[in-house]
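Number of protein chains: 2
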Amino acid sequence: MSEIYTEYYHKKTGLVVGVEEVLFSKQSPYQKVEILKTDTWGNMMTIDDMVMLSEKDEFVYHEMLAHVVMFSHPNPEKVLIIGGGDGGTAREVLRHRSVKQVDLVEIDETVVRASKEFLPQIGNWEDVRLHVLFEDGIEFVKNASNEYDVIIIDGSDPVGPAEGLFEKSFFEYCYSALKKDGVLTAQTESPWIESYHPSMKKVFKALDILFKHSSMFLGFIPLYPAGMWSFAFASKTSMYNAPEVTQRIEAGLNEFGSDLRYYNKGVHLSSFALPNFVAEIIR
Amino acid sequence: MSEIYTEYYHKKTGLVVGVEEVLFSKQSPYQKVEILKTDTWGNMMTIDDMVMLSEKDEFVYHEMLAHVVMFSHPNPEKVLIIGGGDGGTAREVLRHRSVKQVDLVEIDETVVRASKEFLPQIGNWEDVRLHVLFEDGIEFVKNASNEYDVIIIDGSDPVGPAEGLFEKSFFEYCYSALKKDGVLTAQTESPWIESYHPSMKKVFKALDILFKHSSMFLGFIPLYPAGMWSFAFASKTSMYNAPEVTQRIEAGLNEFGSDLRYYNKGVHLSSFALPNFVAEIIR
Numbered sequence: 291m292s293e294i295y296t297e298y299y300h301k302k303t304g305l306v307v308g309v310e311e312v313l314f315s316k317q318s319p320y321q322k323v324e325i326l327k328t329d330t331w332g333n334m335m336t337i338d339d340m341v342m343l344s345e346k347d348e349f350v351y352h353e354m355l356a357h358v359v360m361f362s363h364p365n366p367e368k369v370l371i372i373g374g375g376d377g378g379t380a381r382e383v384l385r386h387r388s389v390k391q392v393d394l395v396e397i398d399e400t401v402v403r404a405s406k407e408f409l410p411q412i413g414n415w416e417d418v419r420l421h422v423l424f425e426d427g428i429e430f431v432k433n434a435s436n437e438y439d440v441i442i443i444d445g446s447d448p449v450g451p452a453e454g455l456f457e458k459s460f461f462e463y464c465y466s467a468l469k470k471d472g473v474l475t476a477q478t479e480s481p482w483i484e485s486y487h488p489s490m491k492k493v494f495k496a497l498d499i500l501f502k503h504s505s506m507f508l509g510f511i512p513l514y515p516a517g518m519w520s521f522a523f524a525s526k527t528s529m530y531n532a533p534e535v536t537q538r539i540e541a542g543l544n545e546f547g548s549d550l551r552y553y554n555k556g557v558h559l560s561s562f563a564l565p566n567f568v569a570e571i572i573r
Numbered sequence: 291m292s293e294i295y296t297e298y299y300h301k302k303t304g305l306v307v308g309v310e311e312v313l314f315s316k317q318s319p320y321q322k323v324e325i326l327k328t329d330t331w332g333n334m335m336t337i338d339d340m341v342m343l344s345e346k347d348e349f350v351y352h353e354m355l356a357h358v359v360m361f362s363h364p365n366p367e368k369v370l371i372i373g374g375g376d377g378g379t380a381r382e383v384l385r386h387r388s389v390k391q392v393d394l395v396e397i398d399e400t401v402v403r404a405s406k407e408f409l410p411q412i413g414n415w416e417d418v419r420l421h422v423l424f425e426d427g428i429e430f431v432k433n434a435s436n437e438y439d440v441i442i443i444d445g446s447d448p449v450g451p452a453e454g455l456f457e458k459s460f461f462e463y464c465y466s467a468l469k470k471d472g473v474l475t476a477q478t479e480s481p482w483i484e485s486y487h488p489s490m491k492k493v494f495k496a497l498d499i500l501f502k503h504s505s506m507f508l509g510f511i512p513l514y515p516a517g518m519w520s521f522a523f524a525s526k527t528s529m530y531n532a533p534e535v536t537q538r539i540e541a542g543l544n545e546f547g548s549d550l551r552y553y554n555k556g557v558h559l560s561s562f563a564l565p566n567f568v569a570e571i572i573r
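Residue numbers (this note's numbering), protein chains in the order written: chain A, 291 to 573; chain B, 291 to 573.
Don't take each hint at face value.
Copies of one chain are not kept apart here, so a pair can be met inside one copy or by any two copies together.
When the alpha-carbon atoms are kept at most 30 Å apart in a straight line, the in silico DSBU-like pairs for lysine-lysine are as follows [to be verified]:
no.	residue 1	residue 2
1	LYS555	LYS495
2	LYS495	LYS346
3	LYS406	LYS301
4	LYS316	LYS526
5	LYS432	LYS458
6	LYS302	LYS406
7	LYS327	LYS316
8	LYS346	LYS327
9	LYS302	LYS322
10	LYS406	LYS495
11	LYS555	LYS502
12	LYS316	LYS368
13	LYS502	LYS316
14	LYS502	LYS390
15	LYS301	LYS346
16	LYS458	LYS327
By construction, these hints were calculated from the structure, which means they are not laboratory data. These numbers were taken from a predicted model, which means no experiment stands behind them.
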C-alpha cells in the first residue's frame, strides 16, 4: 500500500506525507487515533487527522516542552503531565534526577496502547517513578492542591477533548495544584494559524492574570502547521533569572550526557525571543 | 480555476497550497518562473516548481537576510545583492539610511518582470540608490575588488542556475569583492532536508577557511521545506560584539519606525542559537 496523508491547516493549504502502511487505526470514545508508517518521518501518530508526532521529529517538541520548564525550577520532584499519552514528554522529564514522581494523566488509553506498540522507543514506560492514570486531566487537576512542582500540559489542538485545556478555569485549577514556587508549561499552537489566535490569546491572558510571571517561547516543529510552534511558560514566583537557569542547565545537561538533539542552553534562552508579529498576537 | 500546488521535498512528503489562479508562467532561458494566486498566502512565486516566496510570508526571509548582516556592519554604504530578483531583500536593505548604492545582480530578467507585475508591493524599485543588473552574479562578483561593505547572496536552491552560489570559488570572489571590514550573508537551505546537507557543509567549510568569523543563524519560513531555514553570516574581521550590534539595532530600528514584522533585537541575537542536530551538520 502507498498513499498520501494530507492535512489542510487553512483551506487547501497544508502538508502531505507519503504513507507506506496504516499500522493502527481506531476510533476511541474520544477521538480517532492512527499510526502511519511514513516515507520520511518513521512512524507517525495522528489524532482526528492531525499530526501529533513522528519518530523522527518528536525530539523537538518533547525536549522543548519538558526541559524549558524543568530547568526553570530549582528542584523539581513531583511533576504532573496532562495528556502526553505517547510518553515522550515523560521520557524527557524522567532524565532529571531530582524527579521522584511523574503523574501522567491521559484521558485516552488508546493513545498509550498504540504508542507502546508502534512508537516503542518514544516512551520510557518502565521507570518506576512514572504513574500513568487514564482520567480526565481537568477533573484530576481540579482535585489536586499544593502538590506539584511542575505541571506540563501536553494536549492536542483546542478542538475535541483538549478544548478545555485552553480555558481560564483550567489554569486556575493548575495554579492551585502547584506548590507555591511551582511552574507550568503548555503547548499553545502555531502563531501562523489565525484561527487559533483566539485560543492563544485566552491562554496567555489567563496566565498573565493568575501567575506572577508568564511568557511565550517557540520551537521549530516540521510536522506542525507552518513549522513554528508556540509554548506558554508560567511561574508562581518571578521568572527565575537567566544566570541561575543557565547554571542549572549546565549542571543538568552534564548529568544527562549528550543525548539531546534540539535543546541546549542557547536554545532555551533564545526561544523566548519573539518575532514582532508573534508578540503582537498576545500583546 | 482551483487546484492544488504540491511541492515534495522528500519522496511524497511536502507541502500543498490551494491555487485560485495561475497569474504568470514562463520558461525563461534559466528556469520556469510562475506566480500563483493562492488561497492562504496571497500571490506566490515558484521557480522550477519550488516556492520562492509569497506576499504573506516574505517578510520573514527578507528581514532576516537583510538586517542581520546590515546591522553587523558599522556603516554599510555599498551593498551587493546576488539574486533577489523579487526585490524584497533590496527593499529591506534600502531602509538603512547609511546605504548609498545597492547593486542587485539577477541573472533572470523574467523574475524581476514577473515580480514588478504580480508582487508589486514587495520591491522598492523606484529608489534611486538601487541599480538592477541582469547578469550572472558569479561573473559579476569575480570582477569586483575591495568594493562592497556588504554582500547578500539571495539565490535559489543548489540545483539549476544557483548551484554555483554554493561553491568555494564563489565565496573566494565574494571575499575579494568585499572591503577589508566587509560582511556577507547567504541563504543556506533547510537543516531538516538531508539531501541539502552536503551543500550546507560546503558553504560553511568555505566560509570558515576564508573569513575571520562565520556562523549560522535560523529563521522560521512557513513555505520552505520543514519550516526551518538556515542562513550563513561571515565577517572579514572578528564578529562584532553583541553590545555594539545591539546599540546599532536600537538606533536603526528607531529610524525605520515600526514597520518590521519579524526582525527585532532579540530575534537577531537569538537566531544564532542552534539546536544540537543543526550545529552537528556544520561541525
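Structure-based check of all given hints:
Taking the shortest alpha-carbon separations for LYS555 and LYS495, both the intra-copy value of 28 Å and the inter-copy value of 25 Å come in at or below 30 Å. For a Cα distance limit of 30 Å, the shortest separation of LYS495 from LYS346 across copies, 27 Å, qualifies, whereas the shortest one inside one copy, 34 Å, does not. Proximity of LYS406 and LYS301 under a CA criterion of 30 Å is satisfied inter-copy only: 27 Å between copies versus 34 Å inside one chain copy. With identical chains, the CA atoms of LYS316 and LYS526 are never at most 30 Å apart, being 40 Å at best within one copy and 59 Å at best between copies.
Proximity of LYS432 to LYS458 under the C-alpha cut-off of 30 Å is restricted to the intra-copy arrangement: shortest distance 13 Å within a copy versus 61 Å between copies. Within a single copy, LYS302 and LYS406 get their C-alpha atoms only as close as 33 Å, which misses the 30 Å cut-off; across copies the closest is 27 Å, which meets it. For the identical chains of this complex, LYS327 and LYS316 are intra-copy neighbours only, at 15 Å inside a copy versus 38 Å across copies, given an alpha-carbon limit of 30 Å. In this assembly of identical chains, the alpha carbons of LYS346 and LYS327 lie at most 30 Å apart only when taken from the same copy (12 Å versus 33 Å across copies).
Within a single copy, LYS302 and LYS322 get their C-alpha atoms as close as 22 Å, and across copies as close as 23 Å, so both meet the 30 Å cut-off. In the homo-oligomer, the alpha carbons of LYS406 and LYS495 never lie at most 30 Å apart, since the shortest distance is 36 Å inside one protomer and 42 Å across protomers. Proximity of LYS555 to LYS502 under the C-alpha cut-off of 30 Å is found in both arrangements, the shortest distances being 24 Å within a copy and 25 Å between copies. For the homomeric pair LYS316 and LYS368, neither the shortest alpha-carbon distance inside one copy (33 Å) nor that between copies (62 Å) is at most 30 Å.
For the identical chains of this complex, LYS502 and LYS316 are neighbours neither inside a copy (42 Å) nor across copies (57 Å), given an alpha-carbon limit of 30 Å. For the identical chains of this complex, LYS502 and LYS390 are intra-copy neighbours only, at 26 Å inside a copy versus 49 Å across copies, given an alpha-carbon limit of 30 Å. Taking the closest pair of Cα atoms, LYS301 and LYS346 come within 30 Å of each other both inside a single copy (27 Å) and across two copies (15 Å). Proximity of LYS458 and LYS327 under a CA criterion of 30 Å is satisfied in neither setting, with 37 Å inside one chain copy and 39 Å between copies.
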